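Chains as they are written, first to last, in the numbering used here: chain A, 1 to 359; chain B, 1 to 415.
Since the hints were derived computationally from the structure, they do not count as laboratory data.
None of the values given here were measured: they were computed from a predicted structure.
We put the beta carbon where it would ideally sit given N, CA and C, even for glycine.
Please note: incorrect hints may appear among the correct ones.
Unchecked claim - Taking beta-carbon pairs under 8 Å as the criterion, some of the chain A residues facing chain B (in silico):
1. LYS65
2. ASP90
3. GLY92
4. VAL212
5. TRP213
6. GLY227
7. ALA346
8. GLU347
9. ASN349
10. ASN353
11. LEU356
12. ALA357
What follows is the residue order along each chain.
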Amino acid sequence: MKRLLILTTALTTAAFAAQAQDLTVMSWGGAYGAAQTEAHVKPWAAATGNGAVMLDSDNPATPIKAMVEAGNVTIDVASVEYADAIRLCDEGLLEPIDMAMLPAGSDGTPAAEDFLPGAVTECAVSTDIWANVYAFDSTKYPADAAPTTAADFFDLAKFPGKRGLKKGAKAVLEFALMGDGVAPADVYATLSTPEGLDRAFAKLDSIKSEVVWWEAGAQPPQLLADGEVVMTTAYNGRIFNAAVGEGKPFQIVWDGQVYENEMYAVPKGAPNKEKAMEFIAYATSTEGLRAQAQQISYGPARKSAMLEELIYKDGKTVMAPNLPTAPANMANALESSFEFWVDKDAELNERFNAWLAAS
Amino acid sequence: MSEAAVLLTTSDGRPLKAALAAAQARAKRRAFWLVAPLLLFIVITFIIPIGQMLHRSVYHDGLSANAPLVGAWFATNPPGTAPDEAAYAALAEDFKAMKANKTAGIAGTRVNYTLPETRSLFTATARSADKLAPPYKEALLALDEKWGSPDVWEAMRSASSAYTADFYLISVDMERAADGSIQRVPENTRIYVYLFVKTFLLSGLITIACLVLAFPVAHLLAVLPMSKANLLMICVLLPFWTSLLVRTTSWIVVLQGQGIVNDVLVALGIISEDGRLAMMYNQTGTIIVMTHVLLPFMILPLYSVMKTIPPSYARAARSLGATSWTTFRRIYLPQTLPGIGAGALLVFILAVGYYITPALVGGADGQLISNFIDFHMDKSNWSLAAALSAMLLAGVLVLYWLYDRLIGIDNLKLG
Chain A
1 MKRLLILTTA
11 LTTAAFAAQA
21 QDLTVMSWGG
31 AYGAAQTEAH
41 VKPWAAATGN
51 GAVMLDSDNP
61 ATPIKAMVEA
71 GNVTIDVASV
81 EYADAIRLCD
91 EGLLEPIDMA
101 MLPAGSDGTP
111 AAEDFLPGAV
121 TECAVSTDIW
131 ANVYAFDSTK
141 YPADAAPTTA
151 ADFFDLAKFP
161 GKRGLKKGAK
171 AVLEFALMGD
181 GVAPADVYAT
191 LSTPEGLDRA
201 FAKLDSIKSE
211 VVWWEAGAQP
221 PQLLADGEVV
231 MTTAYNGRIF
241 NAAVGEGKPF
251 QIVWDGQVYE
261 NEMYAVPKGA
271 PNKEKAMEFI
281 AYATSTEGLR
291 AQAQQISYGP
301 ARKSAMLEEL
311 IYKDGKTVMA
321 PNLPTAPANM
331 ANALESSFEF
341 WVDKDAELNE
351 RFNAWLAAS
Chain B
1 MSEAAVLLTT
11 SDGRPLKAAL
21 AAAQARAKRR
31 AFWLVAPLLL
41 FIVITFIIPI
51 GQMLHRSVYH
61 DGLSANAPLV
71 GAWFATNPPG
81 TAPDEAAYAA
91 LAEDFKAMKA
101 NKTAGIAGTR
111 VNYTLPETRS
121 LFTATARSAD
131 KLAPPYKEAL
141 LALDEKWGSP
151 DVWEAMRSAS
161 SAYTADFYLI
171 SVDMERAADG
181 SIQRVPENTR
191 IYVYLFVKTF
201 LLSGLITIAC
211 LVLAFPVAHL
221 LAVLPMSKAN
231 LLMICVLLPF
241 WTSLLVRTTS
251 WIVVLQGQGI
261 VNDVLVALGI
271 ISEDGRLAMM
281 YNQTGTIIVM
291 THVLLPFMIL
301 PLYSVMKTIP
311 PSYARAARSL
321 GATSWTTFRR
331 IYLPQTLPGI
341 GAGALLVFIL
351 AVGYYITPAL
361 VGGADGQLIS
371 NFIDFHMDKS
381 NWSLAAALSA
391 MLLAGVLVLY
401 WLYDRLIGID
411 NLKLG
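The following block holds chain A by itself, in its conformation from the complex (with noise of 0.2 Å):
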């Protein structure tokens, strides 16, 4: 008994150890992070025979000032979004990454023409560009009688019951603003004024009784299966994956769309930084966006991994009118303002906040 206590808390300790040297992924779970296993982290493991695990989050900026502050960084992979990468490089929290380790397309272009422009910045590389878009159950409504714009969100008259926000100012208050018939070349300046900010509240106060607020990715595609929410925001690709991957019935309104660059980047003082640097390389390359592309409907940030069709895993969707980027998709795209969150994120949430939290 006592040999076969003494042999298992050293085998215990010896795989604790091992697990130290795996590479550690942190992305934002559900069917994004289900891709991400499936497209980098899985692959990469096999090609390399290093070991690699996937965490899930609701978003993994959040760990990342904690972690670095305190010394005890147990991620070396975090997917965090553009505006929260320039915020983390410019407070020292990130490794600089060096852009000529990144491979070349695969048509042979260089990595820095074949990224889209602003994809690679000094402490992140882009994997993808996904949106804030909306979604409704179509069996809900008849073809002719369904909404088809952002205004039609904040409609309770024509279009009643419950809706679906994200709960934070980022990309709530600019869909907002949109909703309310400002153009997307406007929103910013417009959001830069005490009059433009109330504008935005006002709108979001006009739905504000018949809101249900979500954090979590996974959330909005639950609420409208269970009929919660006639009409949520969420992320493309976690609708699409419902929508074509599980059978659901639901429907992409791509009109007020905020879209953003979501980037791969390394925490300071990552236990495992080389190898940070050789996943990412990986994952960035053509094959890895593309693989990423394949399991979820996020625009590859490099143009080589558009060359060739995209098809979804289940072999005969095709991604190109799905993702964010594709023409169709843009006539009222709104690219999200790293300039402006980095700077405003603390009190455009505090008076979020306030706003939410008073009745």
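With chain A fixed as given, assemble chain B onto it according to the hints.
Structure of chain B alone, referenced to chain A:
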């Protein structure tokens, strides 16, 4: 009888008093060494972290550590002095250092807590810091005219000291006015006082609801014969051992708009399809789910105390002519008071700090102060999170002291 009292001694001649004191001291020392590991554990894992948290609530060196030259200028110039060329020169030097060390964000964030919209000023200035050349006052004013605003300089002055009461001010919805006096923040940003009051009221409500529901269950558990009591006990303990998240999310399925309860009520015709009850993602949801989750904490202490109450007292009261209600009110209830005290204290303190359930089912109006503490932790504003936590701790300690005065902490039995 002699005048002097006979001094009692032990068998080896020592005075009894001294021998007793020595023996007791030995026993106390032995007890202390037995408890010492636990004491060390509590000091390391409990007192030190809480002390550090309380320290963080008054300490933030975002600006003071990264803009020392400006801090020095503030030290040598009294409040109200308009910034001169020396001040701007110090600022420019500090910004060059901040750009090199990538600390403009943290410095700007600290000043932003005191005066909103200043972080963007700091980060923008840091980006162009290398292009600043004397005369610095004109250079900085040309970069952004906010550098001429006295509000900004007052905010920097208050942020230039690492020790500050600003975070406590924020957590009671106050701010410093331009002349240094303290005033309430504008109406549309007042939340914390309202949240504190709501948290304590809601926790009180949940405690009372738990008490009302737990009392009959505990009484049944105490008086039923062993086999039935064991079955009932399993019904109480099994949910208690189930994961909290599983219980909370299953309540979402039960109470949501298209959930089981609403579907049954619509099927029975009690409510119409349009009149479905909103019991989820609001305050009602928070109350219901938290009551369910905290119920075992009320049942178990009550059960332990009720088990020790002999049934003979109640029987004696009935035989002396008391009605059921009088027996209950004057004989049974006072004997259960220690259990009620223990259960209520446990449930209330747990409810006040609860975060997961309001986060999942509370929606917008079921949020408690703990959700905001978590929000500020997420946004890396640890100082404000610490200040809010410290206020919550103070509130709970005040209530605990009140409880001690009214009921007495010694009248608390967990079994």
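So, going through the hints one by one against the coordinates:
no.: 1; hint: LYS65; in the structure: holds, 5 Å
no.: 2; hint: ASP90; in the structure: holds, 5 Å
no.: 3; hint: GLY92; in the structure: holds, 4 Å
no.: 4; hint: VAL212; in the structure: holds, 5 Å
no.: 5; hint: TRP213; in the structure: holds, 6 Å
no.: 6; hint: GLY227; in the structure: holds, 4 Å
no.: 7; hint: ALA346; in the structure: holds, 6 Å
no.: 8; hint: GLU347; in the structure: holds, 4 Å
no.: 9; hint: ASN349; in the structure: holds, 7 Å
no.: 10; hint: ASN353; in the structure: holds, 7 Å
no.: 11; hint: LEU356; in the structure: holds, 5 Å
no.: 12; hint: ALA357; in the structure: holds, 5 Å
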